[in-house]
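Fit chain B to the known structure of chain A by using the hints.
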Amino acid sequence: MNLPLEYALPPRHWFIRYAHQPGALVGLGIGLVILLIAIFANIIAPTNPKVTVADALHAPSLAHWFGADDLGRDTFSNVIHGTRVALIVGLVTALTSTLIGTLVGLVSGYVGGWWDDLLMRVTETFQMLPRFFLALLLVSLFGSNIMWVALMLGLTFWTGPARLLRSQVLSIKNREFVIAARSIGAHELAIMFRHVLPNAFAPVVVSAARQIAGAILTEAGLSFLGLGDPTLVSWGQLLNNAQRFIRTAWWLFVFPGAALALTILSTTLIADGLVAALRPQTHE
Amino acid sequence: MRAYLVRRLLQLAPVVLLILAINFTLIQLAPGDPVLILAGDSGNETYYAEMRAKYGLDRPAYEQFARYVLNILRGDFGYSFRYGQPVFAVILERVPATLLLMLTAQTIAIIVGIGLGMIAGSRPSGNLGLFIRTGAALGYALPVFWIGQLSILFFAYQLGWFPVYGMESLRAGYTGIARVFDIAHHLALPALTLAVVEIGLLVRLTDATLRDLSGEDFARTARAKGLRETIVVRRHILRNALLPVVTAIGGQLGALLTGAVLVEIVFAWPGLGRLLYDAMLARDYPLLMAMFLVSAFGVVIGNLITDLLYTRIDPRVRFEAR
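Sequences listed follow chains A and B, in order.
Under the numbering used here, the first residue of the first sequence is numbered 1, with each subsequent residue one higher.
Under the numbering used here, the first residue of the second sequence is numbered 1, with each subsequent residue one higher.
Treat each hint with caution, since some may be false.
[Unchecked claim] The following label-pair restraints were derived from C-beta to C-beta distances:
1) A:Glu176 - B:Arg239: 46 to 56 Å
2) B:Ala61 - A:Val122: 17 to 27 Å
3) B:Leu99 - A:Ser183: 55 to 65 Å
4) A:Thr52 - B:Arg283: 44 to 54 Å
Rather than coming from a laboratory, the hints here were simulated on the basis of the structure.
In this text the structure is predicted, and so the values were computed from the model without any measurement.
For every residue, glycine included, the Cβ atom is placed at its ideal position computed from N, Cα and C.
Chain A on its own, in the form it takes in the complex (with noise of 0.2 Å):
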């Protein structure tokens, strides 16, 4: 019998799951060229990406692949140094985020009653909140330092996986083999985080690829409205110095944009993929 084959294979096998899948491999092959692009960007960036190199708004050329802006910097240059920031950002939040939103849901759903209660009022509250006008606030407000910008985003993104792992916990904390560990006398504590959590992650696997994406998206936006950090190159501040010259210089939108777009790309195939390979454990 020919099964379909996320049924077909052990949910341990779940990268075959997902190499089987084109869209994932491109998205993950995207990915990885970025990563590389971020870790060697002092390499590969052909000139200071503050530095005038070039006459200003000069065209694309051989000289200057992506032109150069008003200032005759390099557009290349900035580009490549501008996956840093977004890879900062993005890596950043989702891992702060995924780290609050596991503790709330794991105590949520697990010692649920009165702290169950509370803990998803205040998430169902948070959740209400317009993120990007109080990241806008506190960043104008406290600064805009590349790592402050990434923590206090992912104290805005929590409550996503916060309520995924909850009720994933829901459906798990009764099963059989917890109730067996119990039976043997494992601490609570031990149950929550070794039982429980490993059973239960999968969805937040995902949930964290596409705050990656959000991440990225979010910060883009604030550098656009010239709230980014002052001291690195990010997208968002490119295409916000371009906004001046969209009719004399297509070129000082296009390429960052292009970048952006690619990466967000990237990430949304990355976490469509990891749906499928890990489907017997989610239910998205």
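Positioned in the frame of chain A, the structure of chain B alone reads:
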């Protein structure tokens, strides 16, 4: 129904209180004197003294919070130096332009997004479905302000189909129906830009929900009765698929507002986005704080409306509420 409404309104009270508490905490925690945040960066000492007295800044924190909440409840959101009037009035003046943009974009997105999602969802395999799904993933991945910049370059500058900036041709002095057409002409490009991301989301969601539901028992029963597939989809599956879609639309309100703000800056649309941008450049903190409050309240009210829509779409919700 009325009992349900009252219950929902009561549930919103803690939300509103938390929003106020966050705002208050931010004022307290921000570096520097809180009076700067409440009165703005104007440097006027007599005004600062007045504001210290009004908000009781020398009193204990709980009293300060009580005064803050009372002032908000009275509709006093602070005073903007840049505009020389109460911030609430400044904001209200800009709301219609943003609402017009958001509602138009949302209407386009709902019609096109759910429509394309239905087409894709009823064709799990095949090229058309694949094409729509790929397009949706792409639309969802594009930063909204970048789509705006691209469409200005292409549709406004290159093709000259649409005006580049603003909400109407003020110099032309149109009135009546001519003015309506003029505004619609200016509205088209920003609204379509804003709709693209929302369409991407709705297509993905409708498609996924339809595909999930088409394997359910009720769908199988409908097919077993011998109904045509289009009827099965339209009458049976789509009705059930609407619930998650409506939830998503309601949950997207904050994101839509954000998108509108960014799109407004690209197209110089005279709504809240421009106001926000100018407030930030001028470090007009009372205006920034009030905009957060107003947008948060707006999202809360939007969520309430979504919940009420539920009871229309799904009778089960209404029965539970009783």
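Hint check:
1. A:Glu176 - B:Arg239: 46 to 56 Å: violated (38 Å)
2. B:Ala61 - A:Val122: 17 to 27 Å: holds (21 Å)
3. B:Leu99 - A:Ser183: 55 to 65 Å: holds (59 Å)
4. A:Thr52 - B:Arg283: 44 to 54 Å: violated (30 Å)
Hints 1 and 4, counting from the list given before, are not met by this structure.
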